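*Asks:* Let's have the full structure, built from the sequences with the hints guiding it.
Quick mapping for you: the protein sequence lines, in order, are chains L and W. Under our numbering, the first residue of the first sequence is numbered 14, with each subsequent residue one higher. Under our numbering, the first residue of the second sequence is numbered 30, with each subsequent residue one higher.
Think of the hints as simulated: they come from the structure by calculation, not from any bench. Nothing here was measured: the structure is a model prediction, and the numbers come from that model. It is possible that part of the hints are untrue.
[What the hints assert, rightly or not] Anything over 10 Å on all C-beta distances counts as not near chain W; from chain L, calculated:
(1) His20
(2) Val24
(3) Glu33
[As the list claims (entries may be wrong)] For lysine to aspartate or glutamate, the following DMTMM-like pairs were computed, each having C-alpha atoms within a straight-line distance of at most 25 Å:
(4) Lys114/L <-> Glu101/W
(5) Lys114/L <-> Glu59/W
(6) Lys43/W <-> Glu101/W
(7) Lys43/W <-> Asp67/W
(8) Lys114/L <-> Glu88/W
(9) Lys126/L <-> Asp67/L
(10) Lys126/L <-> Glu28/L
(11) Lys82/L <-> Glu33/L
(12) Lys82/L <-> Glu59/W
(13) Lys84/L <-> Glu33/L
(14) Lys71/L <-> Glu33/L
(15) Lys38/W <-> Glu101/W
(16) Lys71/L <-> Asp98/L
(17) Lys38/W <-> Glu88/W
(18) Lys84/L <-> Glu28/L
(19) Lys82/L <-> Glu28/L
(20) Lys74/L <-> Asp98/L
(21) Lys126/L <-> Glu33/L
(22) Lys74/L <-> Glu59/W
(23) Lys114/L <-> Glu138/W
(24) Lys114/L <-> Glu77/L
(25) Lys126/L <-> Asp98/L
(26) Lys38/W <-> Asp67/W
(27) Lys114/L <-> Asp85/W
(28) Lys114/L <-> Asp67/W
(29) Lys38/W <-> Glu138/W
(30) Lys114/L <-> Asp55/W
For each residue, glycine too, the CB sits at the ideal point set by N, CA and C.
Spelled out from the first residue to the last, the chains are:
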Amino acid sequence: AQSVSQHNHHVILSEAASLELGCNYSYGGTVNLFWYVQYPGQHLQLLLKYFSGDPLVKGIKGFEAEFIKSKFSFNLRKPSVQWSDTAEYFCAVNAMEYGNKLVFGAGTILRVKS
Amino acid sequence: NAGVTQTPKFQVLKTGQSMTLQCAQDMNHEYMSWYRQDPGMGLRLIHYSVGAGITDQGEVPNGYNVSRSTTEDFPLRLLSAAPSQTSVYFCASSYSGVSHSGNTIYFGEGSWLTVV
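*Replies:* Shown next, in the form of structure tokens:
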């Protein structure tokens, strides 16, 4: 079965703390990987994506993610979070074997305390 | 470009009523899709289309119909609304399927639907 797992549903951090949100998927073969962010009351915005090449991907707003193929993981990181990073974060995977479908994880709600 | 435009943004329906959520994009994208977002479940694919005249079911298609008569428009119809369809609905589009040439999916701003 198709599966994208995000390990934590809620994360609370203080400003300047480091962030790592886990994402694992269960597909074999070639995958395209995404992290989206949804700020309160807004639509989804793309943070970063991995299709091929360097497995360490840098996105907007200081976020980065590392694709580790052997671990089927695509964890999102930020060295120092800000209050404005409070949002819900979604990992999404498109597996070539499943054509055009994009499968989302359940989301992780991040709250940053000022 | 306006991007992906969804209407209405908010809607309250009574059980059994029908309605259509509109989605339009002005980017000449071939691929369009509808997702619903529910707490703790992320986004789940309802229906998608790889081009005008072509639609297919996603993960949770029951209770919804779609059509794709033009490249620009991809309306989602609720045939007989049920409380279980209370959700936030997102329309998305991309130049072609995500699996082709690495194009990004663009999302609309969402439609909040409540069925009472």
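*Asks:* Now, for every hint given, state plainly whether the structure supports it.
*Replies:* Going through the hints against the structure:
| no. | hint | in the structure |
| --- | --- | --- |
| 1 | His20 | 13 Å, holds |
| 2 | Val24 | 14 Å, holds |
| 3 | Glu33 | 19 Å, holds |
| 4 | Lys114/L <-> Glu101/W | 20 Å, holds |
| 5 | Lys114/L <-> Glu59/W | 14 Å, holds |
| 6 | Lys43/W <-> Glu101/W | 29 Å, violated |
| 7 | Lys43/W <-> Asp67/W | 19 Å, holds |
| 8 | Lys114/L <-> Glu88/W | 9 Å, holds |
| 9 | Lys126/L <-> Asp67/L | 33 Å, violated |
| 10 | Lys126/L <-> Glu28/L | 6 Å, holds |
| 11 | Lys82/L <-> Glu33/L | 18 Å, holds |
| 12 | Lys82/L <-> Glu59/W | 30 Å, violated |
| 13 | Lys84/L <-> Glu33/L | 16 Å, holds |
| 14 | Lys71/L <-> Glu33/L | 14 Å, holds |
| 15 | Lys38/W <-> Glu101/W | 19 Å, holds |
| 16 | Lys71/L <-> Asp98/L | 16 Å, holds |
| 17 | Lys38/W <-> Glu88/W | 23 Å, holds |
| 18 | Lys84/L <-> Glu28/L | 30 Å, violated |
| 19 | Lys82/L <-> Glu28/L | 31 Å, violated |
| 20 | Lys74/L <-> Asp98/L | 9 Å, holds |
| 21 | Lys126/L <-> Glu33/L | 16 Å, holds |
| 22 | Lys74/L <-> Glu59/W | 29 Å, violated |
| 23 | Lys114/L <-> Glu138/W | 20 Å, holds |
| 24 | Lys114/L <-> Glu77/L | 24 Å, holds |
| 25 | Lys126/L <-> Asp98/L | 10 Å, holds |
| 26 | Lys38/W <-> Asp67/W | 16 Å, holds |
| 27 | Lys114/L <-> Asp85/W | 10 Å, holds |
| 28 | Lys114/L <-> Asp67/W | 18 Å, holds |
| 29 | Lys38/W <-> Glu138/W | 8 Å, holds |
| 30 | Lys114/L <-> Asp55/W | 22 Å, holds |
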